[in-house]
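The chain contents come next:
Number of protein chains: 2
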Amino acid sequence: MNCNVPTDICFSFEGFCARGGKTDEHRDGWGIAFFEDLGCRLFLDDNPSISSPIAELVKKYPIKSRNVIAHIRKATQGEVGLENCHPFQRELWGNYWVFAHNGNLENFEPNLIGPYQPVGATDSEKAFCLLLQILRENFPNSKPSLEKLRQVLQTIMDIFSSYGIFNCLLSNGEYLFVYCTTQLHYLVRQAPFAAAHLVDEDITVDFQALTSQEDRVAIIATIPLTDNESWTAIAPGKLLVFQDGIPILSET
Amino acid sequence: MNCNVPTDICFSFEGFCARGGKTDEHRDGWGIAFFEDLGCRLFLDDNPSISSPIAELVKKYPIKSRNVIAHIRKATQGEVGLENCHPFQRELWGNYWVFAHNGNLENFEPNLIGPYQPVGATDSEKAFCLLLQILRENFPNSKPSLEKLRQVLQTIMDIFSSYGIFNCLLSNGEYLFVYCTTQLHYLVRQAPFAAAHLVDEDITVDFQALTSQEDRVAIIATIPLTDNESWTAIAPGKLLVFQDGIPILSET
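Note that the protein sequences, when read in sequence, are chains A and B.
Heads up: the first sequence begins at 6 in the working numbering, then just goes up one per residue.
Heads up: the second sequence begins at 6 in the working numbering, then just goes up one per residue.
Note that these hints are calculated values from the structure, not bench results.
There may be inaccurate statements among the hints.
For chains that are exact copies, the list does not tell them apart, and a pair is met inside one copy or across any two.
As the list claims (entries may be wrong) - When the alpha-carbon atoms are kept at most 30 Å apart in a straight line, the in silico DSS-like pairs for lysine-lysine are as follows:
#: 1; residue 1: K148; residue 2: K65
#: 2; residue 1: K148; residue 2: K69
#: 3; residue 1: K79; residue 2: K243
In this text, all values refer to a predicted model and were calculated from it rather than measured experimentally.
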């Protein structure tokens with residue numbers, strides 16, 4: 006989720022959470038990261054989201070954030086364990102960066118010579134560490150312009166996707182980068198707001214009653230979370246950058 | 006807390022939590038980190054612990070861990086905000102490191118030239134970043150022996166404490182390093198277990214009913230959490246290393 010004003014994710018999380026063992030088979034752990042200005046709350050659990058006390062808290066406690074990344078895991082590489090749950094978090098240029106990956110990179114054994122070393126055993130965390138290492142090599146001292154950052158990320162992610170499926174979400178709390186290899190969909194909710202109904206749970210929320218005229222919220226998901234809204238499929242090989250609830254700099 | 010078997014911290018956390026706005030004035034946020042093998046769960050909140058829904062979860066959900074670091078904040082440097090809540094977390098040598106500081110370092114403006122940059126505005130996070138930078142400079146590729154690590158940490162922490170009060174806790178999930186400038190106390194609970202009564206809440210737990218003969222748990226706190234057990238004050242300038250619920254390598 007990427008928004009122009011701090012927004013809670015309770016509605017979307019209800020449907021998302023069901024995919025962690027109820028309506029889908031991603032039951033090998035889950036996690037969610039909420040940026041609040043520079044700070045970041047990261048909840049991780051190696052229990053299925055459908056039976057996690059921490060997921061219950063997240064459903065009920067409306068944490069307001071402008072950038073949220075959530076992930077439910079179906080283990081491919083790396084055992085079921087807390088250290089292998091996404092999103093992963095590291096610090097670069099004095100910002101926290103948070104990363105989640107859907108897919109599987111095969112024969113991906115990068116030479117990680119920089120300060121970012123994986124703690125767990127997933128291909129995903131290796132990819133994240135290499136990505137940060139390359140960003141630091143390209144821009145050692147401070148964050149570059151968004152356009153430069155996007156160009157380097159596009160190159161990195163194109164290479165990663167040559168190793169296998171690499172659908173990913175990446176955020177520093179300011180931007181949400183979204184790269185698609187096979188499937189990712191997005192939706193922008195803005196005025197006039199309407200009611201939305203979840204795919205995975207019989208729950209409807211009328212956003213008109215909960216929003217103000219200026220609110221804008223982008224939701225990005227592998228598979229659409231609602232069945233009565235118009236989701237856009239992201240093209241394979243495309244890197245989108247979301248800020249303030251809309252894609253920007255999206256032409257590549 | 007440092008233990009030889011994964012243990013929940015629910016009892017100690019009840020008393021600790023009360024100090025975040027009820028029996029003490031540390032109401033500017035709080036946090037707690039639980040290591041589970043290589044993984045780490047970090048809960049942070051800029052609300053007082055006494056009124057935090059996340060603290061309620063932590064009280065009730067018995068997360069079992071061998072190394073836990075918790076902190077309640079009274080802001081000295083840096084505003085009240087999530088980015089300034091302890092414990093702080095970074096990765097070094099493929100392990101997560103978690104750090105919490107009690108005290109205040111004055112005129113502490115280190116030259117942070119390495120990969121660890123503060124996200125928030127506290128003296129504490131600067132100290133943590135410098136500490137990791139120096140460890141990386143001394144041991145660029147991998148974790149050294151515990152004795153070498155302890156020696157360098159002792160030097161670093163002695164220097165930090167020349168800038169002001171520097172009581173701190175530091176863990177990589179394997180060891181818990183404890184440095185005292187002014188006040189820190191510890192307690193080792195082991196067989197024969199007895200009942201313990203909190204200072205801050207009228208709660209008693211009979212550990213004999215909850216433990217096995219081999220369990221050993223060290224609790225370290227600024228001020229003792231219980232009033233019927235024998236706490237040991239740590240001497241100023243001393244760095245203790247806890248493993249498996251007891252101090253090791255403690256002679257300096």
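Going through the hints against the structure:
In this homomeric assembly, K148 and K65 never come within 30 Å of each other (Cα to Cα): the closest approach is 36 Å inside a single copy and 41 Å across copies. In this assembly of identical chains, K148 and K69 lie within 30 Å of each other by CA distance solely inside one copy; the values are 26 Å within and 39 Å between copies. Taking CA atoms no more than 30 Å apart as the test, K79 paired with K243 passes inside one copy only; the shortest distance there is 24 Å, against 46 Å between copies.
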